[in-house]
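There are 2 protein chains.
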Amino acid sequence: MRIKEFQSYLKNKKIDYCLLLNSEKSIDHNFTYFTQIPESMAVYSLLIIPGTKKPFLQVSNLEYSIAKKYSRIKRIFKINKEPLKQLKSLVKGKKIAINKNNITLNQYRLLKKELKAKFVDISRSLLKLRSVKTEEEIKLLKKSCSFSSLIMKKTINYCNKNKTELQVKKFIEDEIKKLNLEPSFPPIVASGINSSNPHHLSTNKKLNGFTVIDLGVKYKNYCSDITRTIYIGKSDKKEIEIYNKVLDVNKESIKSKTISCSKLFINAKNKLGKYFIHGLGHGIGIEIHEFPNLKELSRDKLKENTVYTIEPGYYKGRIGVRIEDSVYVLKSKKEILTKVNKNLVIK
Amino acid sequence: MRIKEFQSYLKNKKIDYCLLLNSEKSIDHNFTYFTQIPESMAVYSLLIIPGTKKPFLQVSNLEYSIAKKYSRIKRIFKINKEPLKQLKSLVKGKKIAINKNNITLNQYRLLKKELKAKFVDISRSLLKLRSVKTEEEIKLLKKSCSFSSLIMKKTINYCNKNKTELQVKKFIEDEIKKLNLEPSFPPIVASGINSSNPHHLSTNKKLNGFTVIDLGVKYKNYCSDITRTIYIGKSDKKEIEIYNKVLDVNKESIKSKTISCSKLFINAKNKLGKYFIHGLGHGIGIEIHEFPNLKELSRDKLKENTVYTIEPGYYKGRIGVRIEDSVYVLKSKKEILTKVNKNLVIK
Chain A
26 MRIKEFQSYL KNKKIDYCLL LNSEKSIDHN FTYFTQIPES MAVYSLLIIP GTKKPFLQVS
86 NLEYSIAKKY SRIKRIFKIN KEPLKQLKSL VKGKKIAINK NNITLNQYRL LKKELKAKFV
146 DISRSLLKLR SVKTEEEIKL LKKSCSFSSL IMKKTINYCN KNKTELQVKK FIEDEIKKLN
206 LEPSFPPIVA SGINSSNPHH LSTNKKLNGF TVIDLGVKYK NYCSDITRTI YIGKSDKKEI
266 EIYNKVLDVN KESIKSKTIS CSKLFINAKN KLGKYFIHGL GHGIGIEIHE FPNLKELSRD
326 KLKENTVYTI EPGYYKGRIG VRIEDSVYVL KSKKEILTKV NKNLVIK
Chain B
26 MRIKEFQSYL KNKKIDYCLL LNSEKSIDHN FTYFTQIPES MAVYSLLIIP GTKKPFLQVS
86 NLEYSIAKKY SRIKRIFKIN KEPLKQLKSL VKGKKIAINK NNITLNQYRL LKKELKAKFV
146 DISRSLLKLR SVKTEEEIKL LKKSCSFSSL IMKKTINYCN KNKTELQVKK FIEDEIKKLN
206 LEPSFPPIVA SGINSSNPHH LSTNKKLNGF TVIDLGVKYK NYCSDITRTI YIGKSDKKEI
266 EIYNKVLDVN KESIKSKTIS CSKLFINAKN KLGKYFIHGL GHGIGIEIHE FPNLKELSRD
326 KLKENTVYTI EPGYYKGRIG VRIEDSVYVL KSKKEILTKV NKNLVIK
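Line by line, the protein sequences give chains A and B. Residues 26 to 372 (my numbering) are what the first sequence spells out, left to right. Residues 26 to 372 (my numbering) are what the second sequence spells out, left to right.
In short, the hints are calculated from the structure, not lab data. A few of these clues could be false.
Copies of one chain are not kept apart here, so a pair can be met inside one copy or by any two copies together.
Simulated crosslink set (BS3-like; lysine-lysine; CA at most 30 Å straight-line) [what the hints assert, rightly or not]:
| hint | residue 1 | residue 2 |
| --- | --- | --- |
| 1 | K167 | K358 |
| 2 | K328 | K276 |
| 3 | K113 | K282 |
| 4 | K110 | K153 |
All of these numbers come straight from a predicted model, not from anything done at the bench.
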């Protein structure tokens with residue numbers, strides 16, 4: 026997306042080339058970001074971004090026609106029998122950037138052997154670059170969030186005491202497929218005692234008590250993420266109090282003028298206490314978890330054109346509550362992209 | 026699965042510990058193999074296998090209850106705020122094995138800093154270990170293949186000239202879901218001009234001419250893989266000749282007494298020529314592509330209790346044919362696990 030800006034950065038840092046490798050073993054989301062090639066079935070493809078000249082791709086025979094069709098980077102080389110030797114003839118530089126969050130030790134060993142250069146890590150710079158979205162990305166993320174919101178509304182309508190967690194999960198997956206989309210992660214449906222496990226795998230348990238529904242879709246590679254918690258049956262006063270406390274933290278965190286992600290987390294943690302056992306949120310984009318990171322030790326700030334989640338939670342015994350929105354920052358204002366009612370629905 | 030055998034190997038090689046790391050970024054299939062924990066949603070979990078003592082897990086809070094429920098390794102530590110320091114207190118060894126096909130450069134940097142040991146690569150040894158299946162694994166693979174075969178039969182019945190590639194793909198995905206299974210890879214449906222692209226992404230094109238259908242499911246973590254090619258419309262003599270040539274190579278490759286994977290590939294290549302543009306097959310197991318590798322430069326042999334695919338193909342212009350079976354070697358005999366008719370179906 027912001028490839029020219031990235032190339033200026035490379036030039037500035039005196040980096041001759043950046044290599045981004047996509048393989049069956051390790052999908053590099055930066056590769057997807059710049060090329061916009063759909064992720065599935067990558068066999069071997071390498072994006073080569075020089076500091077100054079035009080970027081190009083080196084892809085396996087099997088990927089060639091897919092790359093031809095989808096890639097925004099239009100210079101494409103098919104690999105020959107010796108891809109590393111071919112790469113050496115294409116890339117002549119002394120300082121090469123790679124994504125050390127993605128390249129495995131064995132891939133690195135092969136690269137280093139062939140290209141005798143200094144390898145520097147580009148992972149954080151790329152995560153930072155991607156944390157600020159372009160206009161086009163914002164459009165895609167808004168669309169993605171609107172699809173997730175639509176599915177969430179339908180799912181809440183679908184839920185009742187006769188449905189099992191697995192039935193609701195399947196309902197969500199079918200709705201995603203009906204829209205010709207992919208899930209951005211496997212949907213979570215967790216009810217009663219299971220609701221207090223943030224990463225519960227759904228079972229044949231019938232819905233009863235707090236029911237956490239966490240879902241998201243990918244629209245043209247862009248992820249959305251929303252959680253709502255509803256109540257099946259008769260709730261008591263204490264349960265409603267806890268729900269409203271989490272809801273307040275959700276609203277306050279979104280409204281807050283604080284741009285420090287660490288402070289936002291600490292404020293939420295102070296209000297919710299020890300039963301809030303995960304981060305407050307994360308950036309979304311090509312990946313479901315991106316920068317910024319809303320955790321205690323994070324140094325990230327909420328910048329203009331960032332899209333991130335706010336997802337306070339409370340997990341204790343039979344009580345599990347999480348309320349999550351995807352939020353967009355523009356001109357210091359926040360826009361909630363997941364427009365679904367947050368008052369407690371009791372069914 | 027064969028953890029005791031693996032521990033003897035470690036002891037033999039004077040390796041104190043083997044560390045297998047599962048993270049959102051990089052799923053280690055060896056982790057799945059030994060623990061049998063379902064793959065989805067791994068946040069941070071580490072399997073620690075000592076050469077002599079009992080193996081144990083170090084997992085994030087979010088993964089703890091899932092690990093408790095599914096893991097075959099029953100000693101489980103929750104990570105504390107400093108997972109690497111905690112690891113250091115649990116692992117005291119001089120020679121540590123890691124999977125260099127999976128660990129990223131940045132993960133390695135952190136590990137190396139904390140555990141001042143010699144790190145050796147265990148990737149090939151584990152791939153070799155996993156290439157020979159246990160009785161239990163054979164059962165799971167047989168079951169997985171029988172589900173894929175059932176879905177293939179239904180899919181062939183479903184196909185006709187009014188259906189599009191995407192409709193057939195959706196049909197397959199729905200059938201997989203009906204059986205409460207996951208696909209082992211995104212199904213491929215490629216018709217007419219698209220059939221000659223082995224990794225085609227399905228479109229709204231109506232079926233016409235050769236139609237390649239490649240699908241597989243995961244049953245309790247174990248993958249199956251089958252391809253059939255059918256013909257929609259009126260085929261000519263040349264097309265039928267090509268189909269039968271590919272079919273002959275499929276049958277001969279399965280029957281062959283040769284145990285050299287390279288020779289098997291070369292024999293097939295000699296018969297099919299330059300329009301056969303991929304490998305002849307691959308092992309299947311926890312992963313869809315495992316050892317042995319049926320390629321020109323492979324040194325792998327077909328051993329007892331190996332399960333692998335045979336998938337000759339021919340791709341030129343409007344003609345794309347691939348016929349793939351999953352095969353099991355026992356007492357030097359071959360059993361085809363994907364029992365679906367291979368004579369050309371014309372519809």
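Against the structure, the hints:
1. Proximity of K167 to K358 under the C-alpha cut-off of 30 Å is restricted to the intra-copy arrangement: shortest distance 16 Å within a copy versus 57 Å between copies.
2. In the homo-oligomer, the alpha carbons of K328 and K276 lie at most 30 Å apart inside one protomer (19 Å), although the nearest pairing across protomers, at 61 Å, exceeds that limit.
3. With identical chains, the CA atoms of K113 and K282 are never at most 30 Å apart, being 50 Å at best within one copy and 41 Å at best between copies.
4. Taking identical chains as interchangeable, the C-alpha atoms of K110 and K153 lie at most 30 Å apart only when they sit on different chains, with a minimum of 28 Å there against 32 Å within one chain.
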